[in-house]
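Visitor: Whole structure, please, built from the sequences with the hints as guidance.
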Amino acid sequence: MNGATPTTSRRAHGVTNPIGSSTAIRVEGLSKTFDTAAVLHDLSLDVRAGELLALLGPSGSGKTTLLRIIAGLDFPDRGRIIFGGDDATQVPVQERAVGFVFQHYALFKHMSVAENIAYGLNARKRSDRPARAEIRRRVGDLLDLIKLSGFADRYPSQLSGGQRQRIALARALAVEPRVLLLDEPFGALDAQVRKDLRRWLREIHDRTGQTTIFVTHDQDEALELSDRVAVLDKGRLEQVGTPDEVQENPVSATVLKFLGDTIEVEAIAQDGQVSVDGKLTPVVGKRGLTGPVKLYARPWQLQFAESSEAHLHGTVRSSYRTQGRQRIEVDRTEGKTVVVEASDTARLAAGLPVGLRIVGGYVFAE
Amino acid sequence: MAEPPLRPRRRFRQPSVIPGFGLTFGYALTVLSLIVLLPLAALVLRASKLGFSGIWEVATDPRVASALKVSFGVSLLAALTASVFGFIVAWVLTRYTFPGRKIVDAVVDLPFALPTAVAGIALAALYAPNGLVGEQLAKLGIEAAYTPLGIFIAMVFIGLPFAVRTVQPLIVEIDKEIEEASATLGAGRLHTLVHVVLPPLIPAVLTGFALAFARGVGEYGSIIFIAGNLPYVSEIAPLLIVIKLSEYDYGGACAIATIMLGISFLTLLAINLIQAWSRRRFGYV
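The listed protein sequences derive, respectively, from chains A and B.
Mapping of the first sequence onto my numbering: residues 43 to 408, in sequence order.
Mapping of the second sequence onto my numbering: residues 99 to 383, in sequence order.
Treat the hints as calculated values from the structure; they're not laboratory data.
Nothing here was measured: the structure is a model prediction, and the numbers come from that model.
Heads up, the beta-carbon is just placed ideally off N, CA and C, and yes, glycines get one too.
Covered stretches of chain B (in silico footprint by chain A; criterion: 3 or more residues with CB under 8 Å from a CB of chain A, positions within the stretch not fixed):
#1 269-279
#2 282-294
No farther apart than 25 Å at their CA atoms in a straight line, the calculated lysine-lysine pairs in the DSS-like style are these:
#3 A/378 / A/336
#4 B/342 / B/167
#5 A/276 / A/336
#6 B/274 / A/151
#7 B/274 / A/167
#8 A/321 / A/378
Guide: This is the structure we're talking about:
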C-alpha cells in the first residue's frame with residue numbers, strides 16, 4: 043500500500059506543514075446551520091497524523107456533519123478546514139484525497155468487487171492513472187489486506203454486510219487518501235460482526251498508520267477502538283482526550299452521562315467536600331465549591347452497606363446477571379431508581395431493604 | 099395416514115399465503131387467449147390463406163415495402179429520440195425542484211390521454227407551412243408537415259411519456275451516497291454520471307425505448323394528419339392496411355399486418371435480449 047507512487051497533484055498538497063508535524067487536519071471555528079437549526083457552533087479540533095480519532099456523540103450532535111465537512115461533502119458557514127498546511131475549505135471533494143466509508147457501504151452494485159476497489163484509480167486522469175498491471179496488483183494487495191482474496195469477481199449483492207463494508211474500506215484505501223473518514227461504519231451490522239470488524243479495523247490501522255476519523259454513537263466502540271475520543275454534544279466539542287482521560291476525568295456531566303450508565307444524587311458541597319444525607323463521601327470537588335450540587339456515580343461506585351454507613355436507602359426492585367456481574371435496580375426511598383453493579387453473588391430478592399454507600403463519583407461546578 | 103414423502107416434490111404451485119392460485123391462473127390464461135392470442139392467431143390464419151408466396155408478393159410490392167420502411171425506420175429513430183429526451187425530462191423532474199414541477203410532471207402524461215386524432219390535428223396545424231412552427235421552419239427550408247419528418251415528430255410526441263415514466267422511478271431511487279462515494283474517490287462529475295449513475299438505468303431506458311418503438315409502429319391517428327400520406331414517401335404501413343380494407347382486399351391487409359407482426363416481434367425480442375443482458379451486467383442481481 044504505502045510503497046505505491048502517489049500522483050504529483052496529490053503530493054503537491056501535503057508536504058509543507060507549518061502547523062507542526064503532528065497535526066494532519068485542523069478544524070478552526072467551524073459553524074454550520076441547516077435551515078434554521080444550528081448543527082455546529084464554533085468548533086475547533088486538531089487531528090494528529092496517524093491517529094485513530096473517534097467522533098462520539100448522540101444523534102443530532104453534529105458529528106456526521108463535521109465528518110462530511112472535513113470530506114468536502116458539506117460546506118461550513120464559517121470556519122476553516124486545514125489539511126497539512128493548506129486551507130482546504132474551498133477545495134472540492136474530488137481533490138481533497140479523502141477516503142470516505144458510508145454506513146450503508148455505498149458500493150457500486152453493477153461493478154464487481156475488483157472494479158469497485160479499482161474505481162478511484164481508474165477515475166484518474168490518464169496522466170495520473172497507474173498502469174493496468176499496477177492497478178491489478180494494488181487491488182490484489184488490498185483484497186489480501188481485507189482477507190477477501192477469492193472474491194474479486196463477485197458482485198456486492200452476493201456478499202454479506204460485513205464483507206461489503208470491508209470492500210468499501212478497501213475502495214477508500216485504494217486511492218491512498220490523506221485521511222480516512224468513516225461514518226458509523228459498523229452501524230448497519232449485527233453485534234458479532236461489529237465486534238470482529240472493530241478489532242480488524244484496529245489491526246489495519248496499526249499496520250497502515252493511516253490517519254483515521256470515525257463517527258459513532260456507540261461509546262464502547264469509541265473507547266475500544268480509538269487513540270483519542272472527541273465527545274460532541276449539540277454541535278459543540280465537549281472534550282477531546284484518550285479513552286482513559288475522558289473516562290477518568292470527564293469535564294462535564296454530559297460527557298460522563300454519554301460514556302456510560304450514570305446515577306444522579308442530590309448532594310451538598312462544603313468547600314469541595316461533598317456529602318449526601320449528612321454523611322461525607324470520598325468525592326471531592328473543586329476547592330471552594332459550596333452549596334447544593336449534583337453527584338454523579340457509576341453503577342460500580344455504589345456498594346451495599348449497613349444502614350448507619352449508607353448514603354442512600356431503598357428496596358431492591360429487580361436484578362439480572364450480565365457477563366459475570368450482577369446489576370441490581372434499587373428503588374430509593376426518596377423516589378428515583380438507581381442501578382448498582384456488584385459481583386455475581388447470590389441474587390437479592392425483590393423488596394429487600396438495602397443501604398448503599400457511595401465509594402466514588404464526580405461533581406461538576408454548574 | 100400415508101407415509102410422508104422422503105423428498106419434497108417439485109411443485110408447479112408455489113406455497114403462498116394468498117389463496118386462489120387455480121382461479122387466478124386459469125382466469126389469466128383464458129383472458130389472455132381470448133383477447134390477445136385468438137385475434138392474432140386469426141390474423142395469421144387469414145394471411146396464411148395467401149400462402150408464403152402470396153405474402154412475399156405483398157411484402158415485395160414497392161408501395162408496401164416503402165411503407166414498412168417508413169413505419170419501422172421512423173419508429174426506431176423516434177424511439178431513440180424519445181428515449182434521450184425522455185431521460186432528460188425524467189432527470190429534471192426528479193432531481194430538481196422548481197415552481198410548476200408538479201404541473202410539468204402531469205403534462206408528461208397528456209399524450210397518453212389525448213385522442214390521437216386531436217394530437218395529429220394539433221401537430222399538423224402547428225407544423226403546416228402556414229402554422230406557428232412550420233412557418234419558421236419553412237424559412238430555414240425545412241418542411242415538417244407532410245414529410246417523414248412530420249411522422250417522426252408525431253411519433254416522438256406519443257412515445258415520450260413511455261420513455262419518461264419508465265426511467266423516472268429508478269432515478270428517484272438512486273442513492274445520493276453512491277454519487278458522493280464516487281466524488282470522494284476523485285471522480286469528476288462526468289465520470290460519475292457515465293460510470294456510476296447511468297449503467298443501472300440502462301435496463302429501464304431500454305424498456306422505455308421498446309415501449310415507445312412499439313407505440314410508434316402501431317400509431318395511426320396522430321400520424322395520418324401530419325404525414326401527408328404520399329405513397330412511397332410518407333405513407334405508413336397501418337394506413338396502407340386501412341386502404342386495403344377499404345378496397346375489400348382483406349387478404350392483402352392481413353398479409354401486411356402479419357409482416358408487421360413478425361418484424362415487431364423480432365425487434366421486441368432483440369430489445370428484450372439486450373435488456374436481459376444489460377440487467378445481468380448492470381442491473382441489480
